[in-house]
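Chemist: The chain contents come next:
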Amino acid sequence: MSDTRPQGQPDEAMVDLLVKQVTEGLSPAEQRALDVMDSELASAYLRDLERAAAAVTLAGSKGDEPLPAALSARVAQQAAEHFASASNVADLGAARTSAAEKARDQSLAPPSAPARVGRFGGYGWLAAAACLVLAIFGWERSPPPVPPVAVVAPGPVTVPPPAQPVPPTPAEERAALLAKSDSLKIPLGATKDPAAAGVTGDVVWDPVTQRGFLHFAGLSANDPAVHQYQIWIFDAGRDKRYPVDGGVFDVPANAGEVVIPIRAALMVRKPAAFAVTLEKPGGVVVSGREHVVALGSTS
Amino acid sequence: MSPSVLQRIASGDSAAVRECIDQYGPLVWSIARRLSRTPSDAEDATQEIFLDIWRSASRFDASQGSDKVFIAMIARRRLIDRLRKTSAEPPMDPVEVLETVAWADPGTASETSLEAEQATRALAELRPEQRQVLELGLLHGLSQSEIAARLSMPLGTVKSFMRRGLIKVREFMNVDAERVLSEG
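So the sequences go chain by chain: A and B.
Mapping to our numbering: the first sequence position 52 is 97, numbers consecutive.
Mapping to our numbering: the second sequence position 178 is 173, numbers consecutive.
Accuracy of the hints is not assured; some may be wrong.
As the list claims (entries may be wrong) - Which residues of chain B face chain A? A few of them, derived with a C-beta cut under 7 Å, are:
(1) P21
(2) L22
(3) S25
(4) P34
(5) D36
(6) W49
(7) A119
(8) P123
(9) M148
(10) M157
If you're looking for bench data, these hints aren't it; they were derived computationally from the structure.
Glycine residues also receive a C-beta, built at the ideal position from the N, C-alpha and C atoms.
Just chain A, same shape as in the assembly (with noise of 0.2 Å):
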């Protein structure tokens, strides 16, 4: 290889947690051990054998089933929503890696790869995004991507020019949601968090396009660099510890009515609960749940 590897070899110890870590994962001990050893070194030969486990992967997946066509179609049209969302806000993905992923994340970057975000920006991937959504669900299911991250904030209302066509308000989109017969509407009521103090709001929920909006007033506003506020959805089907992410936004000072579109990171198949939790910038993978500042259940 071309790179530049760390002198000396591994002693038995350390290639026994790193073989662990790529067969099955380490314990919180076991990472703490190895998190005391020599790092660089750990970091390249956890390279070498996550590639040997991974051509061993391939080795023995010859016949390939393929992918059903649903699961196919949600995956483009999460890519379309990843792509166009990239050009607005910071790349939440990256954000809410962890210290350990990002470590270990070193082993597939070359030493000076390039920002990502910058490389996805532009009006390009925009148009790109919004063409791969009509290619496979067409204007009716899928209506062009709107940043996942927004706030709006009611004000005067400007009638634009006729031949200059506005996209929809997230307010608008989210008036059009309601009217439809299969969307739920879920009230959201405050908790004894102190950023909760006189909220009021709901979430209104379209099950079938996976498309919804928390609709909120009192909530305290938040400085960005210090915390952003993060939505979570409770799927009846899955484990109650992990909530699909809804996506992070903000509250700016004297915002009055808020809308903001809710972005399921993956298929909600049963919502039972929305939540609002404090985070830390960028969000975060699995919440710990210290300050829930809104809470809203369907049953």
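Let chain A serve as the given structure and place chain B on it in line with the hints.
Modeler: Using the frame of chain A, we list chain B on its own:
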């Protein structure tokens, strides 16, 4: 040399996204099916893996391996993370009959990948019981303890077989890489 599908995704080629799904969807789906507890888990995992692929495309370095092995690495990482999160749940049905693995034939790199061919050649040098440990661990997602129980083999032996097997594959891959570099 034309850019790979991942390099095209990283450079903003929108057609490459669909191409990637079509080309590697079956691979990701097959790995996800093998390393997930339920079909529903496999579907969720597949979506998560592709999201990881979109996020990681710009990190792909063709000098480190093929698109295919990069995607298999991403898939394995995500699936192992998911298996760890659900480790408290019961493992697969103990009476389930594991499907027989059809290892790739050496010399068919165009159909599989250079890395798969290297792995197959390395596996051919292992004893059958060593190969079986790798198969259960890497292809079917069994933990070392589960393999030990299934094969009635001491855990230490399973660890040793797994370690030696992976190191053997690693050696084949590195020797080939050094040979390519010296010839290139």
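Chemist: Against this structure, judge whether each hint is valid.
Modeler: Verification of the supplied hints:
no., hint, verdict
1, P21, "holds, 4 Å"
2, L22, "holds, 5 Å"
3, S25, "holds, 4 Å"
4, P34, "violated, 10 Å"
5, D36, "violated, 10 Å"
6, W49, "holds, 5 Å"
7, A119, "violated, 10 Å"
8, P123, "violated, 15 Å"
9, M148, "violated, 15 Å"
10, M157, "holds, 6 Å"
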